Amino acid sequence: MKVKINGKEHEIVSGPGTTLVDVLRYELRLTGTKEGCGTGSCGSCTVLVDGRAVNSCLVIVGEVEGKEITTIEGLSRQGTLHPLQQAFISQGAVQCGFCTPGVILTAKAFLDSNPHPTESQIRQAIAGNLCRCTGYDKIVRAIMSVANS
Amino acid sequence: MAKYSVVGKRIPRIDALSKVTGTAVYSGDITLPGMLHGKVHRSPHAHAIIRRLDVTKAQALEGVMAVITASDVPGYKIRSPLLLAEMPHLAQDKVVYAAQPVAVVAATSVEIAEKAVGLIEVEYEELPPVLDVLESMKPETPPIYPNLYTNFIARPPSDKDSKPSNIAYHISINRGDLEAGFREADLILENTFRTQTVHHGYLEPFAAVASVDIGGKVTIWTQSQGVFIARQMIAEFLGLLPNRVNLVPVEIGGAFGGKSYLPLAPLCALLAMKTGRPVRMEMSRDEVLRDGRPAPGSVTTIKMGVTKKGYITAASASFIYDAGAFPEMSHTMFVRGNTFSQYKIPNIKIEAFDVLTNTVPVTFYRAPSTPQSHFAIESQMDLVSRALGMDPLQLRIQNTTAEGDITPSGEILPRVGFKETLERMAEYLKQKGSLQGKNRGRGVASGFWHGAAGSWGAYVQVNTDGSVTLVIGVTDVSGSRTSIAQIVAEEFGIPMEAVSLVVGDTDTAPWASPSVGSQTIYSLSHAVYRACQDAKDQLRHMAALRLGVEASEIEFAKGLATVKGDTEKSVSLGSLARYSVSFRGPGPIVGRGSIGGLPPAPSVAVHAVDVEVDKETGKVKVLSYAVAQDVGLAINPLSIEGQIQGAVTQGIGWALMEGYQFDRGKVQNTTLLDYRMPTATDVPMIDTLLVEVGSSTGIYGLRHVGEPPMVATLAAIANAIHSATGVRLKTLPMTPEAILKSIKKQGKS
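Top line first, the protein sequences correspond to chains Z and A.
Per our numbering, the first sequence starts with residue 30, numbered consecutively.
Per our numbering, the second sequence starts with residue 11, numbered consecutively.
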């Protein structure tokens, strides 16, 4: 089975019933994708599938055959950070960092389809991503700063 | 903060780049060649005797490399000797809570390990579980441990009761004349408040990886708030000397006190020793919630007497904490230092108890014991202000303690910005204006945290390019690496980029106490500061010789050692370092610093919250939230704001939605859908007002920061709900259902 991940075609050896998060973390060693709950409740395992944010713990790899996956490792291009990555650093939106990849990818998918959101739309958009460290304040500000720039 | 060039600046975390790119390494990210996978067999019962334990079927399964039960543990069969009591890692004859580990398996895949866990046969004889703290305390209730006697903290051990008891710890404080104090009061209020068991909710589940080298040395990668204490504990469990065990630092995905305990690492290491292969163990979220040491529920009764003018004359209180099934972590010991320390109360009586039940054992969570005790105290203060028709901040300002006052535990208070912080909040609210709108209300509350200190070491070296390397053994749970690097940059007069901060493993780094008690930056900064001074003294002498002046005339700025008052005369740190290691040089410039025995620098945080309550559904919307906190000196405001905003959000969850649901001692809500924590839609932006009343003991005046902003949240929200609805909730969580019930009850009465 072939899956395109971060622009590169990968031949997957895990069975088609393996969860995408397990394939990413344990077969491909793309450990930037985190698993916090395994039931789609925390958003830590969020990746982009054809540009849409999905919980990779709820998707089996067989479902994404032939699709294009972006993980946090594929977000920066040739050493240049994505504006969201830069904003998360400079606005202090990163603390323990475990939720960070998932939140950034959710925010990317959201801003791609809604480039000028309100604060409340941003909060709705990331409501599936739990963060226990920041209280969301600086995360929301970081996303707003990218939307406004 | 013009006084400093790096300290006090909003500097982004030095670990943020690795975290936004997914390259930061956490325990569960590590894979080693030939690695096995470990899984735990857990008790299905809350209280039962183990009649038979048979692992032969599990052992016979293909792919199973080892099965371990309590009798296989070579060293301590008990947990840390550094805790107050010592409990087994694997149950031996009896299980005392549901999900207690009984056996552990290592296999070539996670699937085989899970299957083997299911093949372990255990015959249990169920015992009636003790589930309620008040029931458990009664002398007629059978003790969970037949040989456990009450420990009286701060009293001689000979004072132990003659009878075994489920009360694990008890403290008792009496100051002044309580009855006389109540006689002087014009108003006496007595109330009982209850809080629920809650979880820290860190997003990273527990994980550990262990391997053993050919010489038998054990290396462990695991998230721990204190790697040196963890090393000691694991070594004793394995029957090894601590220098035969090395703990390697990894990123820690949220901790909040919950990762001071090690549920997997000792077992993982033992499996690696038994099999000779590396082993990884990871907990599922279900396991984290069932066996991940939550914070205790509590029952608190407070009686308080005040004069008509609002002066407190007397208070008595009993604090009861549900310890769960292990008497290993005392919360009452924190009641001593933290309750009623912010108010002048001439006559006081405090009783506090840690009480055992057959539920999951508890551990420390962000200001342990104190959000619970302050839910009661600060709700009570609010009721007093309502009864007297007084402004709640004014009531607190009028009763606040000051430097030199003696706390209930007998400690003399150092300078703390109680008054400054309360006044700052009063000013903020005045500017904000009163809250308008139907079903809306404002609540205020104040929280005190005494803090801790610990023992720490630090090494610095000045490099030949003028940069400085710092080696420490700290676990960063709060942005401590960044703040500590700021101190090094400040002290040497170099930019942040010229500081290389290395967190060493337990083989290479100097000792670090655990990152708990909001002590890390406060105490570690002393060791780092001293290491910097040590190296700077060496630089000064070298620079003085080079420039032909006295060493005392040398100062440091912009990467140079300069003669005071003569910026023309200078030499770069790089040049001095290159000389130091040259043929004629005195040897490398290495600084060393240590600290121990530091007194804490207590802190206060005052909260104000506006809420709106939907009277049809009972749902609370938090409209706005502000915290004024005495941080001593804001070493990195960006980081401190984040600490405050995170703590408040955890507090909002605790107040309004979170809570363990037990059925006969078994946790029922074991997913993050059922154990619901605040999302971005549940909280507003959180305003932070940083008050800087420098402490007398902290470098630059630093104080404890991370825990204080959690303390007052629960009461602040209850007080706001009272303002909005006229009903007083004395039991947490204040769910829509509970609020609606109270509103309806009030309507009837």
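Source of the hints: derived by calculation from the structure; they are not laboratory data.
As the structure is a computational prediction, the values presented were derived from the model and not from experiment.
Treat the hints with care, since some could be wrong.
Claimed, not checked - Subject to a maximum C-alpha distance of 20 Å in a straight line, what follows is the list of computed DMTMM-like cross-link-like pairs (lysine to aspartate or glutamate): (1) A:K313 / A:E433; (2) A:K631 / Z:E148; (3) A:K758 / A:E626; (4) A:K284 / A:D64; (5) A:K440 / A:D697; (6) A:K125 / Z:D51.
Each hint, compared with the structure:
Between A:K313 and A:E433, the direct Cα distance comes to roughly 27 Å. Violation of the 20 Å bound is thereby established for this hinted pair. Simply put, A:K631 and Z:E148 have alpha-carbon atoms about 16 Å apart, close enough for the 20 Å limit, and the pair holds. Annotation: proposed proximity of A:K758 to A:E626 holds, straight-line Cα distance about 16 Å (limit 20 Å). For the proposed pair A:K284 and A:D64, the alpha carbon gap of about 19 Å is at most 20 Å, so the pair holds.
Taking the CA atoms of A:K440 and A:D697, the gap is near 15 Å; set against the 20 Å cutoff, the hint holds. A distance of roughly 19 Å separates the Cα atoms of A:K125 and Z:D51; the hinted pair therefore holds under the 20 Å criterion.
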